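Respectively, the protein sequence lines represent chains A and B. Just so we're aligned, residue 596 is where the first sequence starts under the working numbering, counting upward by one. Just so we're aligned, residue 596 is where the second sequence starts under the working numbering, counting upward by one.
For the record, the hints were derived by calculation from the structure and aren't laboratory data. Values in this document were obtained by computation on a predicted structure and should not be read as measured data. It is possible that part of the hints are untrue.
One copy or two, it doesn't matter: identical chains are merged, so the pair holds either way.
Stated by the list, open to error - The calculated lysine-lysine pairs, modelled on PhoX-like cross-linking and capped at a C-alpha distance of 20 Å, are:
#, residue 1, residue 2
1, 640, 660
2, 676, 704
3, 937, 880
4, 913, 959
5, 937, 804
6, 711, 866
7, 711, 676
8, 804, 880
9, 888, 937
10, 704, 866
11, 676, 705
12, 866, 705
13, 663, 676
14, 790, 866
There are 2 protein chains.
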Amino acid sequence: MLHIIGIGISEFDSLPIGSVEVLKNSDFVFLERFTGFISDDFMMKIHNILNDSKESQLNSGIDIKFVKRWYIEDGREILEKASSNNVSILAYGDPLVATTYNELMVRAKKLSIDVKVIHSSSGLISLIGETGLQPYKFGKMVTLMNDPMSSITVYNTIYDNLSLGLHTLILTEYNNDDGIDNFTSSSNPFYLSPKKVFDLLLEREAEIKLANLSTKTFAIVASKIGSDDSQILSGNIDTLSRLEYEGGPNSVIIPGSLHFIEEDSVRNLTKLLDPPNGNSSRISKLANRMLDKYIPNAKIALANLINLLSSTGEGLPKEYESVIENAENYLNDAQTFYNQGKLELAILSIGYAEGLIDSLRFQKNMNPW
Amino acid sequence: MLHIIGIGISEFDSLPIGSVEVLKNSDFVFLERFTGFISDDFMMKIHNILNDSKESQLNSGIDIKFVKRWYIEDGREILEKASSNNVSILAYGDPLVATTYNELMVRAKKLSIDVKVIHSSSGLISLIGETGLQPYKFGKMVTLMNDPMSSITVYNTIYDNLSLGLHTLILTEYNNDDGIDNFTSSSNPFYLSPKKVFDLLLEREAEIKLANLSTKTFAIVASKIGSDDSQILSGNIDTLSRLEYEGGPNSVIIPGSLHFIEEDSVRNLTKLLDPPNGNSSRISKLANRMLDKYIPNAKIALANLINLLSSTGEGLPKEYESVIENAENYLNDAQTFYNQGKLELAILSIGYAEGLIDSLRFQKNMNPW
Chain A
596 MLHIIGIGIS EFDSLPIGSV EVLKNSDFVF LERFTGFISD DFMMKIHNIL NDSKESQLNS
656 GIDIKFVKRW YIEDGREILE KASSNNVSIL AYGDPLVATT YNELMVRAKK LSIDVKVIHS
716 SSGLISLIGE TGLQPYKFGK MVTLMNDPMS SITVYNTIYD NLSLGLHTLI LTEYNNDDGI
776 DNFTSSSNPF YLSPKKVFDL LLEREAEIKL ANLSTKTFAI VASKIGSDDS QILSGNIDTL
836 SRLEYEGGPN SVIIPGSLHF IEEDSVRNLT KLLDPPNGNS SRISKLANRM LDKYIPNAKI
896 ALANLINLLS STGEGLPKEY ESVIENAENY LNDAQTFYNQ GKLELAILSI GYAEGLIDSL
956 RFQKNMNPW
Chain B
596 MLHIIGIGIS EFDSLPIGSV EVLKNSDFVF LERFTGFISD DFMMKIHNIL NDSKESQLNS
656 GIDIKFVKRW YIEDGREILE KASSNNVSIL AYGDPLVATT YNELMVRAKK LSIDVKVIHS
716 SSGLISLIGE TGLQPYKFGK MVTLMNDPMS SITVYNTIYD NLSLGLHTLI LTEYNNDDGI
776 DNFTSSSNPF YLSPKKVFDL LLEREAEIKL ANLSTKTFAI VASKIGSDDS QILSGNIDTL
836 SRLEYEGGPN SVIIPGSLHF IEEDSVRNLT KLLDPPNGNS SRISKLANRM LDKYIPNAKI
896 ALANLINLLS STGEGLPKEY ESVIENAENY LNDAQTFYNQ GKLELAILSI GYAEGLIDSL
956 RFQKNMNPW
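Take these sequences, add in the hints, and give me the full structure.
Right, here's the structure in full:
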């Protein structure tokens, strides 16, 4: 049987009580720290628990060791052991947030090996809670790696979420697979810094120009959630970029629209460096930008066209009356649809009105714009 | 000091080890079961832990009791106690997922009362993990209450998420505040059934007609995640609606597009009743539906218009050449923009082309459509 045990976000303190019995009944215990950091101290505490137990004294100790990424991803030895022994894997946070364990579970099921997951506190849910933002105000979340390609996806997701008024949680790269294999080794994991996150996003802004991010964009940085020196800072990107961040994991939130209760939470639950400010109102969808520009322009063009056509002094020629009347109606429709949030229909209507206007422009070779 | 302690999703087994010491050092311990169910058995275990401890024997026991929703929401007594005592509140899952505790935290901070949160396994992250769907493939999540108004928001969120290829997690109403106040009482909480979820969604589909939900929509039902009799079922809505569900909590997932790895996970990790099937390909955005219809129709209308205008046998009158040429160009633009996914520009172009065509229709009083 295979037990995948979440340690949670606070090392030994966050380990679920029920996992102790499972560990004591295990024949093999593996720990890894590539999906999230686990200290040597934690390992030592588990070692002590296991070797205090009667079972392990009878069995001359339970085999327990740190394993590397390849060992879990390859998985063959684990699955072979689990087919006839009790095997436990200890992993940071809630283990199933990482695809690694999902794949291992599926492979175990295919081999008819029983799998039991012990869930635990997850970094992403914990940090959302601690910022005071509402979980149901978040859109799709993303992970930012230390490369420009990854930041394109992240940038576009921010834009999609902002368009819907939603917050974006950006998890950042964590890398720790520097050859740790045995019990006593320490390690220096790589954590992507919040400054790098902001640099990459502002670079993409300069190119893509959709989300209207700037040095004045209000953001939240959550660092080391679950540890004693965790901190949540909020402020404008330029303020947050000037700070030093040691270690991690660091997560960044770009808020969409902030409800006043969320604003109050951010003021009180985070270390506030600049006034809280939602970012959704500062962006506008392409559709809104088109309509904001095209509707007033078309109104002016239509008035100009009527003047140009009537310049003979005999009023509007009769053959154009129906065209002009329809253009007026569709311009009004465009505004009405826009007010109702029916953007597709508003754009169709403004396009149609422009077509009517320009048909006369082309026929008469006059420019009302 | 105020401690907000998450019990996690598996009662005593999921309680974080570190919380035991916090509980033993508490002067007051409150449990509630309105944000999620907690059994009397759990209460008894906590009672035994607290009263076995030396501190509590010296202090003639720690005060521990079940409290109702109003008591936490009112919060004044809790905050007053916490200003000079150690107060712990035990709540289901990860406590900060519920707005209740967010508000309490903010109020405590405003009163300069220290707050510490002990995070724990959360139902929503656990169930996402157990289905094998990728966490970053989920859009905004929603809660469905037992009323039609709530289902409109849920339905619209499903549509928004499906449009982006994303899954929707629907948490469902849980209600348990039937006057439980003391130690030994039991309770019968209300859980919204999956069948009711599907009924409400299909009712909204019949009215709103956007998300293309039907009895053949593939969905996932996760029930009682964290308990020994948890189950995850997947299948078409009609299959899932025919089953009986006892108790809860029940959550429903409407998958967007399914990656083949996700499909493999769903096959192996859930009880599969019908073949897995993403739902994003079955919906089309309003914009797509408009363009699919309007572009071919306008092409035909333009061809008809040219025929009608040329019916004198002398070919297309010269004054209309420019209008026709522009209509052709904008029709081609509409198709090109559509192919590039630039839907707003495609709609603007098709509207414009239609306006050009109809200007001649109005002037000549002929109908090419």
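Hint by hint, here is what the structure shows:
no.: 1; hint: 640 x 660; in the structure: within (13 Å within a copy, 33 Å between copies)
no.: 2; hint: 676 x 704; in the structure: within (14 Å within a copy, 50 Å between copies)
no.: 3; hint: 937 x 880; in the structure: both (13 Å within a copy, 13 Å between copies)
no.: 4; hint: 913 x 959; in the structure: both (15 Å within a copy, 12 Å between copies)
no.: 5; hint: 937 x 804; in the structure: between (24 Å within a copy, 15 Å between copies)
no.: 6; hint: 711 x 866; in the structure: between (39 Å within a copy, 16 Å between copies)
no.: 7; hint: 711 x 676; in the structure: within (15 Å within a copy, 41 Å between copies)
no.: 8; hint: 804 x 880; in the structure: within (11 Å within a copy, 24 Å between copies)
no.: 9; hint: 888 x 937; in the structure: both (17 Å within a copy, 18 Å between copies)
no.: 10; hint: 704 x 866; in the structure: between (46 Å within a copy, 12 Å between copies)
no.: 11; hint: 676 x 705; in the structure: within (15 Å within a copy, 54 Å between copies)
no.: 12; hint: 866 x 705; in the structure: between (48 Å within a copy, 14 Å between copies)
no.: 13; hint: 663 x 676; in the structure: within (17 Å within a copy, 48 Å between copies)
no.: 14; hint: 790 x 866; in the structure: within (17 Å within a copy, 45 Å between copies)
When the structure is compared with the earlier hints, no violation turns up for any of them.
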